[in-house]
Amino acid sequence: MAEFLMIIVSAMFINNFVVVQFLGICPFLGVSKDFKSALGMGLAVTFVMTLTCLITYPIYTFILVPLEIEFMEIIVFIFVIASIVQMIEMALKKFSPTLYNAMGIYLPLITTNCAVLGVAELVIDSEQIASLIGITASGMNMGFAVLYGLFAGLGFTLAIVVMSGLREKVARLPIAKSLKGFPIAMITACFIAMAFYVFALI
Amino acid sequence: MNNILLSNINVAKLFTVIGIVAVIAIILAALIVLVSKLCFVKEDEKVKEVSERLAGANCGGCGYAGCADYAKALAEGKADLGACGATSNEAKEEIAKILGIPFSATEQTFAVVKCAGGINAKDKFDYVGNKGCDARISYMGGNKICPEGCLGDGTCVAVCSENGIKVINGVAVVNSIMCKSCGACVVKCPKKLIELIPKKAKVFVACSTKCRGKDVMTACSVGCIGCGLCAKNCPENAITMVDNLAVIDYSKCTGCKTCVDKCPRKIIREL
Chain A
1 MAEFLMIIVS AMFINNFVVV QFLGICPFLG VSKDFKSALG MGLAVTFVMT
51 LTCLITYPIY TFILVPLEIE FMEIIVFIFV IASIVQMIEM ALKKFSPTLY
101 NAMGIYLPLI TTNCAVLGVA ELVIDSEQIA SLIGITASGM NMGFAVLYGL
151 FAGLGFTLAI VVMSGLREKV ARLPIAKSLK GFPIAMITAC FIAMAFYVFA
201 LI
Chain B
1 MNNILLSNIN VAKLFTVIGI VAVIAIILAA LIVLVSKLCF VKEDEKVKEV
51 SERLAGANCG GCGYAGCADY AKALAEGKAD LGACGATSNE AKEEIAKILG
101 IPFSATEQTF AVVKCAGGIN AKDKFDYVGN KGCDARISYM GGNKICPEGC
151 LGDGTCVAVC SENGIKVING VAVVNSIMCK SCGACVVKCP KKLIELIPKK
201 AKVFVACSTK CRGKDVMTAC SVGCIGCGLC AKNCPENAIT MVDNLAVIDY
251 SKCTGCKTCV DKCPRKIIRE L
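Chains as they are written, first to last, in this note's numbering: chain A, 1 to 202; chain B, 1 to 271.
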């Protein structure tokens with residue numbers, strides 16, 4: 001039970017992918033202009049991250065490691081992520097056109113989202129992840145990997161939603177012309193990152 | 001010695017790598033093909049043809065998110081062709097032909113702001129807060145005493161794709177030459193003060209208030225007090241009084257401008 005709590009706290013707060021590890025900054029700044037699209041993007045990333053962990057972890061542990069070709073991980077993972085995103089896009093178009101319209105533009109963006117590749121790389125690094133969630137390296141299994149992917153995605157959603165809320169508020173304020181738009185977004189992101197840094201002290 | 005790099009290669013491992021990557025690639029490719037077969041969606045040809053003929057202004061005046069969204073709604077028979085003000089009548093005829101629906105040419109229109117208040121209309125209180133009419137209206141319905149008065153904070157100015165609206169003396173004014181009649185400002189104005197009127201119109205009522213004359217007198221020096229002089233004097237009976245406000249029927253109006261002379265508040269204005 002303690003491990004689950006550690007996974008949640010670690011993936012969502014202490015090692016939040018966006019504002020602590022600085023992965024996936026592109027959608028964080030690009031799609032955070034309004035709340036609705038930010039939420040859509042966050043949920044799409046969460047979905048893809050979970051599926052990626054579900055598929056890449058067994059591929060790495062049961063195929064690449066026994067054959068001693070671990071160095072191929074990045075190429076294989078990119079294959080897998082790109083294909084998953086493609087398949088999800090086609091499935092969404094067929095079964096849920098509303099959801100497809102809502103996040104149609106953001107889904108293909110996830111293919112090149114480094115946060116997704118980042119989580120796939122992180123969960124296979126058993127020593128690092130073990131130290132993050134407080135288990136022994138040999139105790140790492142697929143359940144933990146998938147859970148870590150899910151909560152890392154939720155952490156991404158949390159960060160991007162907080163960011164969009166702040167940006168919506170900031171857009172209405174009287175701001176100096178030189179800071180309008182992107183510069184103030186960077187400053188906002190900086191403050192969010194500083195706020196999240198507090199969790200590192202836990 | 002002449003080929004250090006090649007000598008280091010483990011040929012067996014090389015084949016394993018190629019084999020594994022090929023197998024994974026083939027499996028994924030097969031899955032993608034399978035999913036694309038299962039999830040094949042037929043694209044509607046009509047939508048493409050219709051969106052090619054729309055003006056492409058993406059102004060949002062029709063009430064849809066953009067021209068692509070409007071084209072889709074048209075093809076599904078949900079939207080009305082008359083809702084788009086930016087597309088020319090010829091293009092609309094072609095669209096009607098594609099969709100197989102009847103179409104009658106709509107009159108060319110342009111937008112007018114039906115308020116002349118601004119600095120002439122008194123304030124309820126001094127407004128200090130966020131910019132935009134939406135923000136203003138969220139505090140006690142705006143800072144004008146007149147419930148229908150223009151707040152003059154430029155929400156319509158920001159939405160106009162032609163830069164055809166300016167706030168002059170605290171009230172929004174549409175430049176009739178620049179107006180493309182898209183209707184985006186009509187949708188956006190929180191007080192619903194902007195109206196599309198026929199291009200051939202000669203006069204318009206620059207007030208929207210429904211208050212009684214006495215209240216108008218105290219609140220605004222250029223408000224319609226509902227005296228009815230214009231309605232009585234109109235030779236074509238084109239003006240009627242509705243809720244203390246003069247309303248012009250442009251199908252009857254000949255543009256004689258009698259009402260402009262008769263109006264004691266000078267709010268029936270020439271264009």
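Just so you know, the hints here were simulated from the structure itself, not pulled from any lab data. Careful, some of the hints might be misleading.
Said to hold, decoys possible - Each computed DSSO-like pair below joins lysine-lysine, with the alpha-carbon atoms no more than 30 Å apart:
no., chain 1, residue 1, chain 2, residue 2
1, B, Lys214, A, Lys33
2, A, Lys94, B, Lys122
3, A, Lys94, B, Lys199
4, B, Lys210, A, Lys36
5, B, Lys131, A, Lys36
6, B, Lys188, A, Lys177
7, B, Lys78, B, Lys199
8, B, Lys92, A, Lys36
9, B, Lys257, B, Lys199
10, B, Lys42, A, Lys93
11, A, Lys169, B, Lys257
12, B, Lys48, B, Lys266
13, A, Lys169, B, Lys124
14, B, Lys131, B, Lys200
15, B, Lys122, B, Lys92
16, B, Lys122, B, Lys46
17, A, Lys36, B, Lys78
18, B, Lys188, B, Lys124
19, B, Lys124, B, Lys266
20, B, Lys180, B, Lys257
21, B, Lys46, A, Lys93
22, B, Lys199, B, Lys214
Claimed, not checked - Some chain A residues judged to face chain B by a derived CB distance under 7 Å, without partners named:
no., residue
23, Lys33
24, Phe35
25, Lys36
26, Val65
27, Leu67
28, Ile69
29, Ile78
30, Met87
31, Ala91
32, Lys93
33, Ser96
34, Thr98
35, Ile175
Every residue, glycine too, gets a C-beta built ideally from N, C-alpha and C.
Outcome of the hint check:
| no. | hint | in the structure |
| --- | --- | --- |
| 1 | B:Lys214 x A:Lys33 | 47 Å, violated |
| 2 | A:Lys94 x B:Lys122 | 57 Å, violated |
| 3 | A:Lys94 x B:Lys199 | 46 Å, violated |
| 4 | B:Lys210 x A:Lys36 | 38 Å, violated |
| 5 | B:Lys131 x A:Lys36 | 22 Å, holds |
| 6 | B:Lys188 x A:Lys177 | 25 Å, holds |
| 7 | B:Lys78 x B:Lys199 | 28 Å, holds |
| 8 | B:Lys92 x A:Lys36 | 33 Å, violated |
| 9 | B:Lys257 x B:Lys199 | 16 Å, holds |
| 10 | B:Lys42 x A:Lys93 | 10 Å, holds |
| 11 | A:Lys169 x B:Lys257 | 48 Å, violated |
| 12 | B:Lys48 x B:Lys266 | 50 Å, violated |
| 13 | A:Lys169 x B:Lys124 | 26 Å, holds |
| 14 | B:Lys131 x B:Lys200 | 35 Å, violated |
| 15 | B:Lys122 x B:Lys92 | 45 Å, violated |
| 16 | B:Lys122 x B:Lys46 | 53 Å, violated |
| 17 | A:Lys36 x B:Lys78 | 25 Å, holds |
| 18 | B:Lys188 x B:Lys124 | 23 Å, holds |
| 19 | B:Lys124 x B:Lys266 | 24 Å, holds |
| 20 | B:Lys180 x B:Lys257 | 25 Å, holds |
| 21 | B:Lys46 x A:Lys93 | 19 Å, holds |
| 22 | B:Lys199 x B:Lys214 | 34 Å, violated |
| 23 | Lys33 | 15 Å, violated |
| 24 | Phe35 | 16 Å, violated |
| 25 | Lys36 | 12 Å, violated |
| 26 | Val65 | 12 Å, violated |
| 27 | Leu67 | 5 Å, holds |
| 28 | Ile69 | 5 Å, holds |
| 29 | Ile78 | 11 Å, violated |
| 30 | Met87 | 5 Å, holds |
| 31 | Ala91 | 5 Å, holds |
| 32 | Lys93 | 5 Å, holds |
| 33 | Ser96 | 11 Å, violated |
| 34 | Thr98 | 13 Å, violated |
| 35 | Ile175 | 11 Å, violated |
Going down the numbered hints, you'll see the structure goes against 1, 2, 3, 4, 8, 11, 12, 14, 15, 16, 22, 23, 24, 25, 26, 29, 33, 34 and 35, while the others check out.
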